[in-house]
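Novice: Take a look at the letters that make up each chain.
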Amino acid sequence: MSQDPENSGAMLAEIKRSQDAVRNRVAKASWRYQLVYSAFAAVMVGGQVAPMPLNVLASAGSAGVLMLLWRRWSEKTGVSVMGYTPKHARWVAILLGALIGGLMLAGVYAGRTGHYWWGAPLAVSGFVLAMILSSLWMRVYRAETAYRP
Amino acid sequence: MTAPVFDAVIHAPGRLQICAMLSAADEVEFSVARDGIGVSDSVMSKHVKQLEEAGHVKLRKAAFAGRQRTWLSLTAGGRNAFAGHVAELTRLAGLAGISV
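One line per chain: the protein sequences are S and G, in this order.
In this text, residue positions in the first sequence follow my numbering: the first is 6, and each later residue adds one.
In this text, residue positions in the second sequence follow my numbering: the first is 6, and each later residue adds one.
Treat the hints with care, since some could be wrong.
Quick look at which bits of chain G chain S covers, simulated, 3 or more residues with Cβ under 8 Å [claimed, not checked]: (1) 29 to 35; (2) 44 to 56.
Reference excerpt, derived from the structure (chain G facing chain S, CB under 8 Å, subset only) [unchecked claim]: (3) Thr7; (4) Gly19; (5) Met26; (6) Asn85; (7) Leu97.
Please keep in mind that the hints were generated in silico from the structure rather than gathered at the bench.
C-beta atoms are modelled at their ideal positions from N, C-alpha and C, and glycine is treated no differently.
Produce the complete structure using the sequences and hints provided.
Specialist: So this is what it looks like as structure tokens:
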């Protein structure tokens, strides 16, 4: 196999093309995925204000739907991205998980103290956060997986 | 920064493209990678087998909606080897004065 320097430029260009093809598949229809994902994140957060067992049903049901959504999206695109790779994108996913978790705890607190009206604003906050951070994740993923000489 | 190391298994154009595709995701479905490099099933299988034997790629079979699909991913060693190979290609391109 040749280690011809002249050939190296063409091979690096081929690497970039191949990576772009995968990245474009991941980005394809991602706004629809983000919209549904964020809607169920909102249900997960807002549902915590409800009494038992409705709050458990909201979190378990939404988690199940999010898992199915991710699986279906992977099958459809033929590309699987868990969210926890690559390295920098992982921190965006962890931040999103922590913030959604924090909002869920606020929901549980609101439910226990009788502030049921908190449910709607918490759900909206969850939706907006999920939309913003999933868009940010996509940007970081695209930047991080791009070939840089 | 990864040290530049030439990898003869990865270097072949088809296998280089497979590794490049896998480097941009956790897993890529066999048919997507095959279509991406524009080869037949048998040629693709040979490339995958060589990469698997070198320890660069692992396979996972999963059924979805009644269909069996094969998913490919880079191993940790494969990711390092690919990064090292890209660094070596970049070094060689630099020697030739090629900007990519």
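Novice: Each hint should be assessed against the structure and marked as holding or not.
Specialist: Hint check:
1. 29 to 35: Satisfied; 6 residues make the cut.
2. 44 to 56: violated (count 0)
3. Thr7: violated, 12 Å
4. Gly19: violated, 10 Å
5. Met26: holds, 5 Å
6. Asn85: It is violated, given that the least Cβ distance between asparagine 85 of chain G and chain S is near 14 Å, above 8 Å.
7. Leu97: Where the cut-off is 8 Å and the nearest Cβ of chain S is about 4 Å from leucine 97 of chain G, the hint holds.
Against the hints set out earlier in the document, violations occur for numbers 2, 3, 4 and 6.
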